[in-house]
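Chain by chain, the residues:
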Amino acid sequence: MTDREPILKVRDLSVEFTISSGGFFGGTKILRAVKNVSFDLYQGETLGIVGESGCGKSTLSRAIIRLLPATSGEAVWLGSDIQKMNSNELLGLRKDIQMIFQDPLASLNPRMTAGDIIAEPLKIHMPNVSKAERATRVAEMMQKVGLLPNMINKYPHEFSGGQCQRIGIARALITNPKLIICDEAVSALDVSIRAQVVNLLMDLQKELGISLLFISHDIAVVRHIAQRIMVLYFGEVVEIGEAEQVTMDPHHDYTKRLIASVPVPDPKVEMERREERRRLRKTAAAAA
Amino acid sequence: MPGLTGKDQVLTDYANKLAVLDAPKGRSLTQDALRRLSKNKAAVISIGIVVLIILVAFIGPYFVPWRYSEVDWTAIRKPPDFDKGHYLGTDQNGRDMLARVLQGTQMSLIVAGVATIVSVTIGVIYGAVSGYFGGRVDSLMMRFVDVMYALPYILFVIILVVMFGRNPVLLFVGIGAIEWLTMARIVRGQTLSIKEKEFIEAARASGAKPFAIIMRHIVPNLSGPVVIYATLTIPEIIIAESFLSYLGLGVQEPQTSLGTLISAGAPVAEVLPWMLMGPAAVLVTLLLCLTYIGDGLRDALDPKDR
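Protein chains in written order, with numbering that gives the first Met the number 0: chain G, 0 to 287; chain U, 0 to 305.
Be aware that one or more of the hints could be misleading.
Said to hold, decoys possible - Okay, derived cross-link-like pairs now, BS3-like style, lysine-lysine, Cα gap no bigger than 25 Å in a straight line:
1. G:K94 / U:K194
2. G:K205 / G:K8
3. U:K194 / G:K130
4. G:K143 / G:K205
5. G:K177 / U:K208
6. U:K208 / U:K196
7. U:K208 / G:K94
8. G:K122 / U:K40
9. U:K24 / G:K83
10. U:K194 / G:K122
11. G:K122 / U:K77
12. U:K24 / G:K122
13. G:K143 / U:K194
14. G:K130 / U:K208
15. G:K8 / G:K28
16. U:K196 / G:K94
Derived from the structure by calculation, the hints contain no laboratory data.
Given the sequences, and given the hints that come with them, work out the whole structure.
So this is what it looks like as structure tokens:
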């Protein structure tokens, strides 16, 4: 894996927000949401990013595709720095990197039909494609993600959560991207649907050879889908490595606590693990 | 034994049917709202009455024996007289009141319609742009609205009339130029909340330009508050027009409007009551119905907020 050139190289990326503490005389504080994050992503690979709420996972993903400005550091996509791209290059980037969002229903415009939603990126990036051609591509894509093509004229509120997320996936795939960022893409779905959607993503990845940046707070899901895992804690990378190694032999205390928090459906094992969790919490408190 | 129960056959048929079936139409939010509106009796009756008033105001004049500016020298200040065709009586100049009420309603409706369209168009675009871009652009645009608010609109209209003379078009401009301010504020507030939704971020992530996002994703989702506010603006504009006409700044003789008719009828209400009754009845009915329609639309478009 090391002999290939990564498609995405992130080096020392930091994102800071200025927060005014309110009031006319209140000063401003600087919040460092992402601190000096570096990683590589190769073609066809899935990198999982895990961490608790508010640790900067989403901020990191938005900074990579320049929906948010990065304060320092760089993100290099296929050899060119994303922060320095002009509007034309940026449009190309938007075609290559697509995103899947957390809330399946909220990420779809309630006034548009499923077909219009899926076709939108196509209209932006390939305006020359004819209407009929667009309709066939949308129908193909719907089939690929497991939706019936005759649902094309339905509105988002007529679909279930899992189906909405499939629409989101179809929208992300329609431009043939090289990288898809899944921002908590399965967190809002219930367990059985979650498994379906994760497996769908894995199948599509195998078929199309795309890379995935899979963001989640659930290390169990990430372990299932990702080859490598990066653990974020308060905006910093505390651990990065092969999925097997990170989950079986974690080095950092925080990773250990994350893994210990995954429930196991066996009361006896759970009892022992509860002891383990208590011990970890104590050491963490002592360290702090 | 796949063929034993015939289940496979049934399922295959069903799958084939689904595959070749033309895509059924979905149920859009607008259709949902219209269905809820059609269940609201007060709103449906009000819509019926308003449509009737509009039809009568625009078609009626062709069936009335007298024209609105025609003087009948044999019938000056006369109560309703069915033999001569003065169904609502005549005014001090011997003009037929029915013809004048029809023409006045027409004029009031045109002013209301045009001024509403003007204020909705300007207000929605201005508010959406201001809310979407935010920051300094937003502050600048909204301070301008505040300044405009501070100007008394009567003064504004008087200046316009003095400069350009009396002209119904000025009335549209003057009223429309004031009404869009409130619309812009409402739309800006809505835009601020809509732009934080994930589907806007999704559009930005897929490379949509700001203008496309505003027109395709923000404006359609504003339709609820905009439609409600627009229906409630129409009566406001009719009253504003009546008020301006009352002051003598509105439409010019021999043309008339509901406000002018009422202002002419009010001083003589005791001796010539028919001069006030006709226009007042139309105005009250119109305003009442529009308010009911606005209420019905609010309930229909926002079912959670009942």
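Which earlier hints turn out false for this structure, listed by number in ascending order? Those not satisfied are hints 3, 8, 9, 11, 13 and 15.
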